[in-house]
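Work out the full structure, taking the sequences as your base and the hints as a guide.
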Amino acid sequence: MTLQRVTASPIVSQGGECMSSFYDSQGTMVLACSGHLRFAAATSDAIKSMIQWFSKSPGFHDGDQFFFNDPYVAGSHTYDMMIIKPIFYRDRLIAWTATSTHTADTGGLLRGGAYEVHHEGIRIMGLKLVERGEFREDVFKSLTEQCRDPQYVGLDLKAMVAGNNVCAKRYLGLVEKFGLGFVQAAGEKMIEDSENKARAKLRSLPDGTWMARQYVTTLDRKTRKSVGQQLFCAMTKRGDELCFDLTGTSPQTDTDHNSTLPSTLAHLALALTNTLFWDVPWSDGKMRPVKVTVPEGTILNCRYPAACGAAPRIGSVLVSTVCECVAKMLYAAGRYDDVNCSTTGNLEYVGGPGYFYGGHTREGIRVAQGLYDIHGAGMGASPQRDGVNTGGHMNIPSAGISDIEQTEMQYPFLYVTRGHNCDGSGFGRFRGGLGSYRIYLIYGSQDCSVDYKPYGGIAQGGFGLFGGYSTGISATRLMAQAGLEMIERVKNGDYPDAQSIRKGEWGKLYYPEGVPERIALPEGSLLVDYVAGGGGLGDPLDRDPAAVLRDYGRGWASREIAERIYGVVLDTKGKSVNSAATEEKRKAIRASRLREGKPASGKISSLQGAAGTSWRTARRFHAALEIAADGGGSAIRCSRCGHLFCTAEENYKLHALHRVVDLNDFMPYPLPSGEPYYGEYHEYFCPGCATQLQVDLVCPMLGGEAILWDTRIRQAR
Amino acid sequence: MAAQQQFIVGVDTGGTFTDVVVMSGAGEVWTAKASTTPDDFSRGVMDALTEAANTVGIDRDELLGRTSLFKHGSTVATNALITRSGVKVGFITTKGFEDTTEIMRAIGRVDGLGEEEIRHVTWVTKPEPFVPRERIIGVRERMDYLGNEIVPVNRADVMAAIRRLIDEEKVAAIAVSLLHAWTSPGHEEEIRSLALEADPSRKVYWSFGSALSQVAGEYARANTAIINSYLGPTVERYLKDLEAKLRSGGLKGIFLIMQGNGGGAHRERVSAIANLQSGPAGGMIASAHVAGLLRHKNVITTDMGGTSFDVGLITDGYWRYAQEPIVERFRILQPIIDIESIGAGGGTIARIDPDTKRLLVGPKSAGASPGPVCYDAGGEEVTVTDADLALGIIDPNYFLGGKKILNKKKTLGAIEEKIARPLRLSVTEAAAGIFDIVNAKMSDLIRRQVVRTGYLPEEFVIYVFGGAGPVHAAGFAAELGVKKIFIFSTSPVFSAFGAAAADVIHTRVMSCQVLLPADPLLLNKRLESIEGDLREVMAGEDFKKDQVEFRRFFTMRYRRQTAGVELPLSWDRFTQGRVAEMRDSFEKKYEELYGAGAGYTKAGIEISEVRVDAVGLVAKPRLKAARARKGSIAGARKGRREIFFTRPELRRIHTPVYDYSLLGPGVRINGPAVIELPFTTTLVPPGFKVTVDNYLNTGCGRSAKKDE
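In order, the protein sequences belong to chains A and B.
Quick note on this note's numbering: the first sequence kicks off at 4 and runs consecutively.
Quick note on this note's numbering: the second sequence kicks off at 13 and runs consecutively.
Think of the hints as simulated: they come from the structure by calculation, not from any bench.
Just so we're clear, the structure is a prediction, and the values are computed from it rather than from any experiment.
It is possible that part of the hints are untrue.
As the list claims (entries may be wrong) - Taking lysine-lysine pairs in the BS3-like style, the calculated list, with each CA pair at most 30 Å apart, reads:
1) K252(B) with K215(B)
2) K172(A) with K496(B)
3) K131(A) with K600(B)
4) K601(B) with K144(A)
5) K192(A) with K600(B)
6) K453(B) with K376(B)
7) K172(A) with K252(B)
8) K252(B) with K180(A)
9) K192(A) with K376(B)
10) K494(A) with K506(A)
11) K172(A) with K495(B)
12) K453(B) with K496(B)
13) K494(A) with K228(A)
14) K180(A) with K182(B)
15) K578(A) with K430(B)
Take a look at the structure:
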């Protein structure tokens, strides 16, 4: 709380990207306070390393505070800055407190251009900013002057120092009152409690293995084109232990598109904190039952000195990948309140102008760096309802975005709109929460620039569940050279929208030669920007037509998607549902599924002559599928029509009707750059009732098995 | 003589009771209560007035006829908001920004929720907006943040929007809030005049964002306009009806409405939304009033009721306002007294975490129904009140003055079964655990509130309200190092008492962006324009220029921070020297708040907000010291009972019990002791002593000399 009020960066003060926590004398986290979860787990490693390196020289003294930002030890990238303070009581080091912020300026190359961590500005492995209570101006000046915007960095550093002071004082107050022994024992008890609670929760869940595969895209430095990478996650739960194996993840890149091992572990921990362990006290204890394997040399465990500025983006997709596995496990345990297909906060089809700005405002003041509307992403659908529109960010439970009135005071922007993105979330019986989009004009400044990425041909992260789609269809960023003349048109009542901008009606669309890391935004540039929506849950044909009508009326769904995906036909005015036509349309879509889908194994069932209907339901692990059992065996059965797919220990997808849809056919328009998409939707249907059971996104060029065995529940014998 | 005496009457309509305080010019005080009548709140008010007149010994018409000032705080607005029983509203905003109130800055998903709820990320959703998207219409117009017109108001759009909302949607109220209207209300004024054309007879209720707040932040300002419209017709009708009833009952004096900012105002000058939180505000005014009387500079006010524990602060004699206060999960922009709340009251439930075997208290509450186990009304969960009973602090036969007989046996059984046995503790140890945990939770909330103002808890005294408060206050005060707590005999009607003591206050808060060193003339110009506006409003309240006192505050921050530090201005106008002085006091305050070295002058310092309160002082009753109520310790002693005290270690003490109503001024009682009031029980632990002052307030503090 202290931190949020005093920091300069909008991402911290309004976006909540910060954290203060307590650690025991060895650096194990005892308690994290709410904020950006990625920081909590990370700082523990920084403290442990500093203990190892600096205990003798320069040693730790009462009143010291250290600056730390090496992502190969702790944190995600060099912008994750920590101030760490040992707490002393009667001349003994008894605990640590640390405060972290995301402060997006470390000097170095501007965002996007680095290919070694050494390009990414200052990287400090512990430096006394405060020594025995004395603020070191030499260190402060040297650190901040390495950065482009010393005031901004300076203010954040000071805010962290202040935050630590408040925390340490509070901790010592407790020690004074209850005695050191009691406080330390209480700390141990908290860590132990977290572990016990985590294990108890794991014991209550079915044993099994869940797999998920999601994608990211980045620039290939040689071809200057977008290239995809996959994140692969196999999660095995047995008893009170949980193992993650990330083998199968793509090799590291020669851009900044890499995640160090500490960043990977921090993101994995936060994914679990938000879903599986949300009700487990936030200490390191909850991660004790969790084992992780990450092969070295992959984008999730890059080798030094790879650059890693984009690690949080990979981390977000990892969170999404882990959440997909966890959501399916929780569903199989009947914990529906904890199931949600929330994604990452980033844009699905990354590319075009980003949101890390540089330059000056109208008043000649430096612009305030990144603009984090991504913290208002759509949340995923749940088993009983749509996802929350512009709901927040998985990584930051209490995230928020700025008022436009505040933004326009800090950036040279004039907004035309900020609203919910039509068709912008995963389709499903319950659709994902909508993300936002904004159209804004660069206005009042001759000096503004932004990071730039190639358009990726496959969606970044995100997942749908049980027949829902991971993402929507309309979210590719655009930039038009509109010129300030466009204001005259607006004055006359003619407003731009994404469609007309895409068609070129508001000036030439701008695609820079050779995909540079940054582009200038001359005054008069008109930008369209998107934030991701959540994933959908269930077969879209099961969606209540009234909900589709409502979304259409609000401008949140198009007529085209209403018909094509939901099979809902509206009257010509769009004021009511044509029920008869809707029924026909849905029938036709189901018929085409039965016609076009083919079982991959060649057979729609591996079981012979089993009279499935007399079997009782043993476990519902999917919105439309269950494990059914009789005295002897168990099988996977459609809970709607009773179709029996296979035994419980087989992959039902091999016996479902399987249809592959090329993204180039699915999407209504090509990528803004004109390049093709490079992914496919793999859809699986029940051979009995044509219910859509699963939609997987697959990138064939990256190899790997197309038909993922995503759920494999071990049957108790 | 009595026949000529004039009265000041304060009425507070709360959720359960409608309270009345009557004060005479001579400083006498009478109080009365009647049940609140949610179907027609004015009935409860009239009932309570009849009761009050009885207590004074006259009839109601005479009471009203002799009332010079009638001040009223009500829960009508709050109630309509909570029960969602306001009117159908349409919303007009800037084209392109129609989704603003649905987007809710994303933070709307967690606004107003506790930390524990927020952690359930997969589950938490946004509240249902007050205006569905179908009734939000964007019109073409646009200003920039400096108030320059980019797109003029499209009058045809506006007229079409009004027509659609009124004729097709059949709304009862319309709210208008445009982008950047905080800096220039021009476009909203234009729409206001179009509204007059389209709706000349004012069939619908209109609210304009720029009239309700001049602070930047379109989301909260839109909420403010919408909620004002949502509540407007209901609140307006109620107040109109009530005034008519009072007037026909003989009231000739001034009728003032209590606002959430802690001040009263004439009915016509109070916006509906300003009625929110007027009850708690009444409590704060009363506290500030008493603090002046008792010469307490810094006060923590606490209210521990059945489900929640509320904390407010008075620093240097004044209460504080919340920044973007959240009402029913919606953030708004209104000067509302800053009161924080957690789920910790008498009905708060204690349970054991099955996995860690930890004893947890709250935030869930058994409420009033079924209530604690001891109510014997079907409650099965152990609550804080059950723990208090098990420890012997509460007398099962004298709860609420004996109005409710408690089932102690049942309580002991429930604690044994649900808490003690699983933890292998004795029933008393289990109850002591609950008692200590809830005290720690309350002291945590207090500490958080205090620390963020830059003060330390030791610099405060605590005022204790609510039925469960005096049982726990010595406990949480000791944890905080607070030396003295006070319990008031008028505590159950404190909000009404506060209403009676309230001044007329109008507040203006304005965003600005002024970098220091600023031109003093520019700052003065800004102050003059705000004060001119306020002076006009106060003239409408019948205050002459020289009767209005202005209190001025500037919020300052290092440039590019978003939250600032509010500083009172000790002079009315700026000079060069005073601008510099203000910068220094900001930096000093900043270091007090966040530690030495935390400030950073080089970032630049800016003024982000100006606030002016116009205060019209209203005659206030002078409280008279208690008439020679004689009372001796011996006479007040009811007997002894076995009570378990938890600190410094759990022990049983044969404790004397006193009847408060038989204690007179100047009495001193050393702990351990229990003092019973009709509405609560005060626990005085060993090492504490109690004194009764001339106003019959009870002060409780440590008796050890070193603490004095």
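Results for each hint:
no.: 1; hint: K252(B) with K215(B); verdict: holds, 16 Å
no.: 2; hint: K172(A) with K496(B); verdict: holds, 23 Å
no.: 3; hint: K131(A) with K600(B); verdict: holds, 25 Å
no.: 4; hint: K601(B) with K144(A); verdict: holds, 24 Å
no.: 5; hint: K192(A) with K600(B); verdict: violated, 40 Å
no.: 6; hint: K453(B) with K376(B); verdict: holds, 14 Å
no.: 7; hint: K172(A) with K252(B); verdict: violated, 54 Å
no.: 8; hint: K252(B) with K180(A); verdict: violated, 56 Å
no.: 9; hint: K192(A) with K376(B); verdict: holds, 24 Å
no.: 10; hint: K494(A) with K506(A); verdict: holds, 21 Å
no.: 11; hint: K172(A) with K495(B); verdict: holds, 20 Å
no.: 12; hint: K453(B) with K496(B); verdict: holds, 19 Å
no.: 13; hint: K494(A) with K228(A); verdict: violated, 39 Å
no.: 14; hint: K180(A) with K182(B); verdict: violated, 63 Å
no.: 15; hint: K578(A) with K430(B); verdict: violated, 56 Å
The structure fails hints 5, 7, 8, 13, 14, 15 (numbered hints given earlier, in ascending order).
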